[in-house]
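J.: Letter by letter, the chains look like this.
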Amino acid sequence: MTLAQSLWREGIKTGAIGGISVLAISLVGMVESFNKRDIIADFLSMGIAFIMVFGIILPYIAAKRTTRPEKHIIFLNALTAGLVTAVFPALLVILGNIINLRSMFVNASPVLYNLLTSGVEGVGGILILLLAGILCGAFAGLLFFLPGLIRSVIIVCLTSILAVGIVQDLIRPLFSSWGIMEVVSEWLFTQNGLTIAGTIFIPIFVGAIYMFWQLKGEGIKTRYNTLESGTQKSVKMSSFFVLAIFLIFLPHILGLFLSEVLTIVGLYILLGLGLNIVVGYAGLLDLGYVAFYAIGAYIAAILTSPAIGAFTLTFWQALPFAVMGGIFAGILLGIPVLKMRGDYLAIATLGFGEIIRILVLSDFLKPWLGGAQGIAKIPNPAIFGWQLSTPQEIYYLILLGCILVVFISVRLRDSRLGRAWMAMREDEDVAQAMGINLVSTKLLAFATGAGFSALSGAIMVSKIGSVYPHSFNVFISINIVCLIIVGGIGSIPGVIVGAAALVGLPELLREFADYRMLVYGAVLVGMMLLRPEGLWPEARHKMELHGEENGSDETQTATAA
Amino acid sequence: MAMLEVQNVHAYYGKIHALKNVSLKIEKGEIVTLIGGNGAGKSTTLRTISGLLKPREGAILLNGENLADYKAHQIVTKGITQVPEGRRIFGQLTVTENLDMGAFICRDKKLIAENVERIFEMFPRLNERRKQVAGTLSGGEQQMLAMGRALMSNPEILLLDEPSMGLAPVLVDAVFETIQKLHAAGTTILLVEQNARMALQVASRGYVIQTGEVVLHDVADSLLNNDMVRKSYMGEN
Ligand SMILES: Nc1ncnc2c1ncn2[C@@H]1O[C@H](COP(=O)(O)OP(=O)(O)OP(=O)(O)O)[C@@H](O)[C@H]1O
Ligand SMILES: [Mg+2]
Chain A
1 MTLAQSLWRE GIKTGAIGGI SVLAISLVGM VESFNKRDII ADFLSMGIAF
51 IMVFGIILPY IAAKRTTRPE KHIIFLNALT AGLVTAVFPA LLVILGNIIN
101 LRSMFVNASP VLYNLLTSGV EGVGGILILL LAGILCGAFA GLLFFLPGLI
151 RSVIIVCLTS ILAVGIVQDL IRPLFSSWGI MEVVSEWLFT QNGLTIAGTI
201 FIPIFVGAIY MFWQLKGEGI KTRYNTLESG TQKSVKMSSF FVLAIFLIFL
251 PHILGLFLSE VLTIVGLYIL LGLGLNIVVG YAGLLDLGYV AFYAIGAYIA
301 AILTSPAIGA FTLTFWQALP FAVMGGIFAG ILLGIPVLKM RGDYLAIATL
351 GFGEIIRILV LSDFLKPWLG GAQGIAKIPN PAIFGWQLST PQEIYYLILL
401 GCILVVFISV RLRDSRLGRA WMAMREDEDV AQAMGINLVS TKLLAFATGA
451 GFSALSGAIM VSKIGSVYPH SFNVFISINI VCLIIVGGIG SIPGVIVGAA
501 ALVGLPELLR EFADYRMLVY GAVLVGMMLL RPEGLWPEAR HKMELHGEEN
551 GSDETQTATA A
Chain B
562 MAMLEVQNVH AYYGKIHALK NVSLKIEKGE IVTLIGGNGA GKSTTLRTIS
612 GLLKPREGAI LLNGENLADY KAHQIVTKGI TQVPEGRRIF GQLTVTENLD
662 MGAFICRDKK LIAENVERIF EMFPRLNERR KQVAGTLSGG EQQMLAMGRA
712 LMSNPEILLL DEPSMGLAPV LVDAVFETIQ KLHAAGTTIL LVEQNARMAL
762 QVASRGYVIQ TGEVVLHDVA DSLLNNDMVR KSYMGEN
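Chains as they are written, first to last, in our numbering: chain A, 1 to 561; chain B, 562 to 798.
Derived by calculation from the structure, the hints in this document are not laboratory data. Be careful, since some hints might not be right.
Computed list of lysine-lysine pairs in BS3-like fashion (alpha-carbon distance at most 25 Å, straight line) [to be verified]:
1) B/Lys589 - B/Lys742
2) A/Lys339 - B/Lys586
3) A/Lys216 - A/Lys236
4) A/Lys339 - B/Lys589
5) B/Lys581 - B/Lys615
6) B/Lys615 - B/Lys589
7) B/Lys792 - B/Lys742
8) A/Lys377 - A/Lys366
9) B/Lys586 - B/Lys615
10) B/Lys639 - B/Lys742
11) A/Lys339 - B/Lys576
12) A/Lys221 - B/Lys692
One chain only, chain A, in its complex shape:
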């Protein structure tokens, strides 16, 4: 490849992606609305930080993509990509100053231009913007040439500033509730953004931990592996014990708001683990999964709410009915779709989900299900006479549910049934030819998944105290499918990580609320490109997707041998 070709393909084109991204986030209003908050007090606003992320990441990618080995070409590509990333917003500013773009883009305002040019009018501002792009590119280029460990430490440090800066509103109240930590909090944070001390101390702290793990982590792991199995067991037991203590005290450490988020994440973990059995283990793409959530929720509501009054069972008395109802519905849905696979199955189940939602919404069933008004006055659950009403208390019920469901999931995965699911997922004909009964194996997958979902639904209504049809729309199903995919299909820890990332984070990052779907979409696309196996994949899938190079090598040597 000639120098010009390399510049065009690897430098300019990559930079253009960054430039277009920056244009997009500017024009949808993200930059401006994020700019109300500072990452570092009076120094770096969230909006600018966001643009800088693009300005650094794309030049870095440009450097990485460069096929020519010469260092100066790699560096030149990074610089070019940085410059090009800045050229796009620069052109926007120039164009915006000549004609009024606001009729087309509401957010193309002088405020935005001001922000992009650091408040400098005229040509000077444009030059500053371009210079900033080049500097970002240079930084990315230098980063690329650093040795691996140092580079990853720097990236971790920068990310930690960004991350802590974004969630500081959540961290500050935590610190202040611990008495003496309030002093620390004041030292690290202002009302808006990190202090200089925080900006220095936080990355050092995080970076040190990261570096320690990088340097010593392998050693610790091998030392653990060489321990006697007895000692290994006790190490395991004690870490379980620490984890248990941590989980027990977690809601008190986190306080009310974060505990609420935690309970929502917990409910989605229950849902995700259920769907993971259907989609991850058995390979049946079910898009109507929310139906079972609704069924569990409504059965629990009808049986416990005095507003309906037909039965007034306690939560615990109603729970078995709710779960059984879910399982029954799972089998009922399973029977007609037994012969369907892939896309057809997805569409059919999608229909089922909608049918249930429309049913509970219908006027016909209103006397029993409450129609659009739903059912209210659902009592909170109680454990030994202890009424669980706040999120901090409900948390324990959900924790219990999660532990139970994780346990069942693990046992099922390693069971004969789990193997039958796996075989069925890979090849239905062959599975049958191995003696696997497809009908019962499929129905059991649908039933188990639906049971978990109904459990989640029942807990959800007893937590909220009311239930409405509109809480069971198709986006919940899609959300659950996404969290499984993002976490890593078929992986139990993956579901937990996925739920935390896709359900927990959006709850925490309220600024993102308006742009939730945008960020969500971008994250999903990015994930599928960069880490298709998910955040915490099952070992098997990881081998499949990333072992490819090694795999084919082995195949070649095998054929040659």
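Following the hints, put chain B with the ligands in place on chain A, whose structure we already have.
T.: Same frame as chain A, now just chain B with the ligands:
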């Protein structure tokens, strides 16, 4: 009484009449081959025997018992196991896991472990690759794995669908050697092949199938010398 008997079977894919009055017999301990061109209905015959496709007319008898009422997964327990066309091993599972899966109908862990070792003895190549993900095996190794997996259920009759497809000549020889070994060990085999010459060399009898109909049936030696067979299936003029 023949061990496996296919009697006047008619099978359909929707409206397509794929098998027209097909009849075959296989005696215990025999290798019988079914040869025919692309789309003749060889795989369909095997699918019908193993219950994946139900005949609309006719019967399939195993030791005199009609298999009509058994589902595919129950037919395995009767002693008929199919090695499907194109290998179709479980690509994401390791070699050992694939073999374990083949013994799904067996609940005796010790027996399964013994069987696995037996298969590894038969296919030392697989033994070296126990832990390897099966999708990364070479074509020949995958074919061995597919056969090994089928053997895990201790079948009385093994249905092999084009085991030599897509393999280099050396590996084709290895596959046929394995077939002979299995035969020597007492397994009854119905072998579907496009490689008619080699199939007829190991088989005792052969059936020729064309567009869903059995057009010729004879002992293997005669078929090897039959003009039509030589012309159509061995590429001779
Ligand atoms: N699932 C199916 N649906 C419809 N038609 C099918 C199906 N499977 C096979 N057929 C048709 O049935 C006929 C017989 O197919 P079969 O697979 O048995 O051929 P074959 O003899 O095994 O050929 P090959 O040597 O190419 O594997 C073909 O015409 C084929 O198109
Ligand atoms: Mg075929």
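J.: Output the indices of the hints that this structure fails to meet, ascending.
T.: Numbers 2, 4, 7 - these are the hints that the structure violates, sorted from lowest upward.
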